[in-house]
Amino acid sequence: MNDNSRRNFLKLTGGTVGAAMLPFLKVLPAQAQSSGTLVVVSGQTINSLDLHRTGTNRASYQVAVNCYDRLVSFGTKEAPGGGLSYDYSVIEPELAESWTISDDGLTMTFQIKSDATFWDGRKVTAADVKWSFDRAVSAGGFPTVQMRAGGLERPDQFEAVDEETFVITLDRPSKLTLPDLAVPVPFIINSEVAMANATEDDPWAMEYLHTTPAGSGAFKVARWEQGQQLVYERNDAWVGGPLPSMERVIVREVPSPATRRALLERGDVQMSFNIPNRDAAELSDMAGIDVYSTPIENCIHCLCPNFAFEPFQDANVRRALAYAIPYEAIFQTAAYGRGVPMWGGEDEITDVAWPRPSPFATNLERARELMAASNYASGFEVPLSISLGLADWMEPTALLMQEAFAEIGIITEIERIPGANWRTAALVEKSLPLHLENFGGWLNTPDYYFFWAYKEGHLFNSSNYRNEEIEQLVDDTLHMAMDNPAYAPNVMRMFEIAFEDLPRIPLWQPALNVAMNGADGYEFWFHRQLDVRPLSTTST
Amino acid sequence: MSPRSKMILGRVAQAIPVVMGVVVISFLLTRALPGDPAAYFAGPAADEASIAEIREALGLDKSLFQQFFFYVGDLVRGDLGTSLTTGQTVTSDLAARLPASLELTLVALLLSCAIAIPLGVLAATRPGTWVDHLCRVLVTAGVSMPTFFTGIALIYVFYYIAGLAPSPLGRLDFIYLSPQHVTGFYLIDAALAGDLETWIAALKQLILPATTLALFTLAPIARMTRAAMLSALSADFIRTARAAGLGSRKILYGYAFRNALLPVVTTLGMVFSFTLGANVLVEKVFAWPGIGSYAVEALVVSDYAAVQGFVLAMALLFVVLNLIIDIAYALIDPRIGLK
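Protein chains in written order, with this note's numbering: chain E, 1234 to 1773; chain H, 6 to 344.
Bear in mind the hints are in silico, worked out from the structure with no lab data behind them.
There could be a bad hint or two in this list.
[Unchecked claim] What follows is a set of in silico ranges between Cβ atoms, one per label pair, in the way DEER data are often shown:
hint	chain 1	residue 1	chain 2	residue 2	range
1	H	ILE205	E	SER1478	53 to 63 Å
2	E	ASN1717	H	ASP84	14 to 24 Å
3	H	THR96	E	THR1340	32 to 42 Å
4	H	ALA18	E	GLU1646	47 to 57 Å
5	H	GLY168	E	ALA1520	16 to 26 Å
6	H	ARG254	E	GLY1521	52 to 62 Å
[Said to hold, decoys possible] Stretch by stretch, here's where chain E covers chain H in the computed footprint (C-beta under 8 Å, at least three residues):
hint	segment
7	23 to 37
8	55 to 63
9	91 to 102
10	173 to 179
11	239 to 252
12	290 to 298
[Said to hold, decoys possible] So these bits of chain E aren't anywhere near chain H, every CB distance computed over 12 Å:
hint	residue
13	ILE1279
14	ASP1283
15	ASP1348
16	GLU1396
17	THR1432
18	GLU1458
19	GLN1462
20	ALA1495
21	GLU1498
22	ASP1501
23	ALA1541
24	GLN1565
25	GLU1636
26	ALA1653
27	GLN1705
28	PHE1728
Each residue gets a CB set at the ideal place from its N, CA and C atoms; glycine is no exception.
Could you build the full structure based on these sequences and the hints that come with them?
In structure tokens, the structure reads:
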């Protein structure tokens, strides 16, 4: 993609001169729309076209979604807050035609679609699936961790029985395995192309696939200029789902939110992805612009009191914090009311809905009583840490909390930590006495959330919380089928303990905001990246 | 060997210890940054084992001395390493982004000089008149408005309201393809390719960001021109020239201006160097893929290779810039020797 000449680009895109070429010649954006091009602006930068590579950032996951196929995908449902959303409860075929799971739940057999081909025209075989899965579990880092969450740990678990039959053998049955096959990580690569470009030092062709995807997905990458734009071009032979209506989608990187907003309002771009809450609130009142604010599933913005800090070992102090927080003011100031409140819920837990509002609400009287009853009646001082990388919501939240906590004798000083240090300090060393945190789980079950955020030593348990019963409950429930009679009681018990012990005080469930001007078909995904496949333009 | 090429060689030789010092200091400073790149790049759900794997892959598990040894070894081979933020080699990042910043900065400075120098000269020859006041107002307004504000204001007026300016989408609108890479300067590359359409498109994209930067850099240049002209005009040799009955044009441009140019060139060199590094905000507002935003992004996530590459590139650039300024001195003022 380094050769920028127009002639080579024409060669590269093949003989599709005509309507498909128009947008790159001298035409106006309005005409470009009608000829099947959609322009999206985003503030994030894509740093690799290969999700498995070390250092690939979140924004790059969209390439795995749009350019590669998985065996299975999730269904689609109406989203709260408008638009569409993926549906965790429905698993649909993508490259797999069908699949069977043995009665003991240990063997999964997939039949691959016989008409599925890679971009170079070669048939997709079970050997390609095997190679791609081997790669994901061997690459190390994030892909390997995510595969492990579904019980996929070693290459010997995967077998290509014949050209179209692929078998996974599990060590234990788990409800997470099938959904884990639908996340972006286990995408299927054209293994012959990859192996032809592998070297002894680089057996998984990381360097080659980093800049040159080789897949079977709905879109190919026509052009990638890092830091500027990514141009998707439709693969007309795609069999993984309904053929996208757009022939070309251009994702342009524009760092300044003000500039992105101006471009969208003027209609020069059709979509602005992941816009700030404030812009979402203001744009939603404008005619002609559609704003979708989808609450992010299994994600909660929390205040975390760290058990390693002595005053927070006192349950009364933690409860006092939960009563002192000015929830509504924070929700309106930091989130502009976008998202779902996570306070003032029912005392009694009768279902397994998650995220769920905590039973706490702002009540300064109650907070003062609890402080008086604690061992720290005279108050104490503690730093309240926030990440500068997430300052857009953390800063106003922390300022309002600082004011409220002073009312109950807890004097806080706001400590702003640079983005690069945040992970180390908050999650790896778990050394921040009081901080804000925003974990969201990809696999949408409460026990999965608890696994990461409430079990001792796990990455997002930044409060150093340990509860024997939670440890046991999570271990018991994590792989248990959701229709198992023990599932609901176990999960409800976890909720009870979580609200009793309060290692994480829920604030609100954040929303992912997307604004569109002349585009349609947006679908929210748990990975919070743009799926360009269902997008279309609306005639103006 | 001519004295001039001897002087140039001498200056280049002098630069070698400077560059070596920069290599050591940039290495140590990046390592002194708090933060753990391995933990950052391990991704959203990494555990300790995968962080350790990444640390090993990045060579960060080695001792500082060993890391430095590897770094210098790579440097000698011309390998600046790979940036984690962009996923590209630092060499290719710099090759793509440095010309973008240079093009923007140079166009802005040309624009700025074209306004500031005549304005400064006029203000100096007519102190206290409306030209002088206009100069003062423009200069004050230019420095007192932060560049991101000027940038957004210009976008608002000329793009959003009036619709005159093209979409602020970086160096080229998405309907154009970048010209074949020769120098990396789109204006030059498009001209070389004989592609007038792309040339005009690239120029249009440049106008707003270059104006923003030019407004900001007007002040030092105009003030310095005015001050230097004032002191030159009150010098004895000007009085002598006037007494000898030379034409006012000859006095102004032949004697006063030429003498006033030296401090102006010095200021220009300084303005150029700080604009190149400091136009991050303009780059962000106009989605300009330049070197400033690259360095800041890299710094925020402790992307060692990218930061070191940036510092080294800037150091080399300044060595060249100083050389050019010294040569310019010698051309302007024959009294300054070439030794």
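Hints not upheld, ascending by number: 1, 2, 3, 7, 11, 13, 14, 18, 19, 20, 21, 22, 26
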